[in-house]
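Colleague: These protein sequence lines are chains G and L, in that order. According to our numbering, the first sequence is numbered sequentially starting from 1. According to our numbering, the second sequence is numbered sequentially starting from 1.
Hints are computed from structural coordinates only; laboratory data are not their basis. From a predicted model like this one, the values you see are computed outputs, not experimental measurements. We treat Cβ as the ideally placed atom computed from N, Cα and C, and that holds for glycine. Some clues are possibly wrong.
Unchecked claim - Computed footprint of chain G on chain L, listed as stretches where at least three residues anywhere in the stretch have a Cβ under 8 Å from a Cβ of chain G:
#, stretch
1, 11-18
2, 23-29
3, 76-82
To be verified - Sample of chain L residues with no beta-carbon within 10 Å of chain G, all distances over it, derived:
#, residue
4, Val4
5, Pro8
6, Asn52
7, Glu62
8, Arg64
9, Ala67
10, Asn71
11, Arg85
12, Ser97
13, Gly101
14, Leu114
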Amino acid sequence: GDSVTQMEGPVTLSEEAFLTINCTYTATGYPSLFWYVQYPGEGLQLLLKATKADDKGSNKGFEATYRKETTSFHLEKGSVQVSDSAVYFCALTMYNQGGKLIFGQGTELSVKP
Amino acid sequence: DAGVIQSPRHEVTEMGQEVTLRCKPISGHDYLFWYRQTMMRGLELLIYFNNNVPIDDSGMPEDRFSAKMPNASFSTLKIQPSEPRDSAVYFCASSLSTGGGKLFFGSGTQLSVL
């Protein structure tokens with residue numbers, strides 16, 4: 001079935017470091033891809049998305065490009081801040097699934113001053 | 001808009017007791033999802049509704065779990081009887097069919113079964 005695999009955490013970085021969180025997917029068709037973020041004690045919220053191959057989603061300095069050839073959607077940020085400390089989830093949905101999201105296992109990011 | 005509202009925020013109960021979790025979706029949203037989050041299994045979809053009708057309950061772990069959506073503004077997830085392995089954070093989320101996969105999550109219910 002459809003699935004999402006993320007790099008394991010926790011990831012610990014110093015402030016202003018470059019961030020990459022890897023995400024790959026398996027799907028029988030052409031999914032839409034998402035990154036959600038969960039801050040401590042809160043529910044998930046959408047960070048960015050891409051709906052077709054070669055699309056780049058971006059928000060708050062984060063970017064991810066939909067790579068169909070490598071079935072990947074890696075999250076990147078050029079300079080992280082302490083406030084970016086959270087758990088990041090990669091997810092996919094198929095057009096005929098009524099918005100049903102399949103999530104990866106999540107990657108915890110900790111940014112130190 | 002107040003967002004998705006879940007209650008209670010925390011629930012501590014003893015094994016064997018009935019637990020009811022509640023959710024009020026965002027007004028106008030036509031999809032509602034129940035997820036469970038644990039360290040071991042991550043985020044699992046339990047069930048989702050479209051226009052108050054259950055569409056896919058394949059993620060419901062066993063018959064002890066049941067969910068209802070009697071109207072567009074309210075849903076419950078019930079566990080009867082509860083077991084320690086049900087301890088988790090339960091999230092409710094809602095979305096629009098035209099929302100392109102953007103889910104709005106509540107703050108979750110932290111359930112502890114002793």
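Colleague: Hints first: check each against the structure and report whether it holds.
Modeller: Here is what the structure says about each hint:
1. Judged by the Cβ-Cβ criterion of 8 Å, the stretch 11-18 of chain L is not covered by chain G as claimed, because only 0 of its residues qualify and three are needed.
2. Using a Cβ-Cβ cut-off of 8 Å, 0 residues of the stretch 23-29 of chain L lie near chain G, which falls short of the minimum of three, so the contact claim is violated.
3. Only residues whose beta carbon comes within less than 8 Å of a beta carbon in chain G count, and the stretch 76-82 of chain L has 0; fewer than three means the coverage is violated.
4. Non-interface status of Val4 (chain L) relative to chain G is broken: a Cβ of that chain comes within 10 Å, the nearest being about 7 Å off.
5. No beta-carbon of chain G is positioned within 10 Å of the beta-carbon of Pro8 (chain L); the least distance is around 15 Å.
6. Taking the minimum C-beta to C-beta distance to chain G, about 13 Å, the non-interface status of Asn52 (chain L) holds against the 10 Å cut.
7. Every beta carbon of chain G lies more than 10 Å from that of Glu62 (chain L), the smallest distance being close to 20 Å; the non-interface claim holds.
8. With a cut of 10 Å on Cβ distances, Arg64 (chain L) stays outside the contact zone with chain G, its closest approach being about 23 Å.
9. Annotated as non-interface, Ala67 (chain L) keeps its C-beta farther than 10 Å from every C-beta of chain G; the closest such distance is 15 Å.
10. No Cβ of chain G approaches the Cβ of Asn71 (chain L) within 10 Å, the least distance being about 19 Å, so the stated non-interface status holds.
11. Distance to chain G confirms Arg85 (chain L) as a non-interface residue, since its nearest Cβ pair spans about 19 Å, more than 10 Å.
12. At roughly 7 Å, the least C-beta separation between Ser97 (chain L) and chain G is not larger than 10 Å, which violates its mark as non-interface.
13. Not every CB of chain G is more than 10 Å from the CB of Gly101 (chain L) (nearest about 4 Å), against its label as outside the interface.
14. No beta-carbon of chain G is positioned within 10 Å of the beta-carbon of Leu114 (chain L); the least distance is around 22 Å.
Hint check: violations occur at hints 1, 2, 3, 4, 12 and 13; the rest are consistent with the structure.
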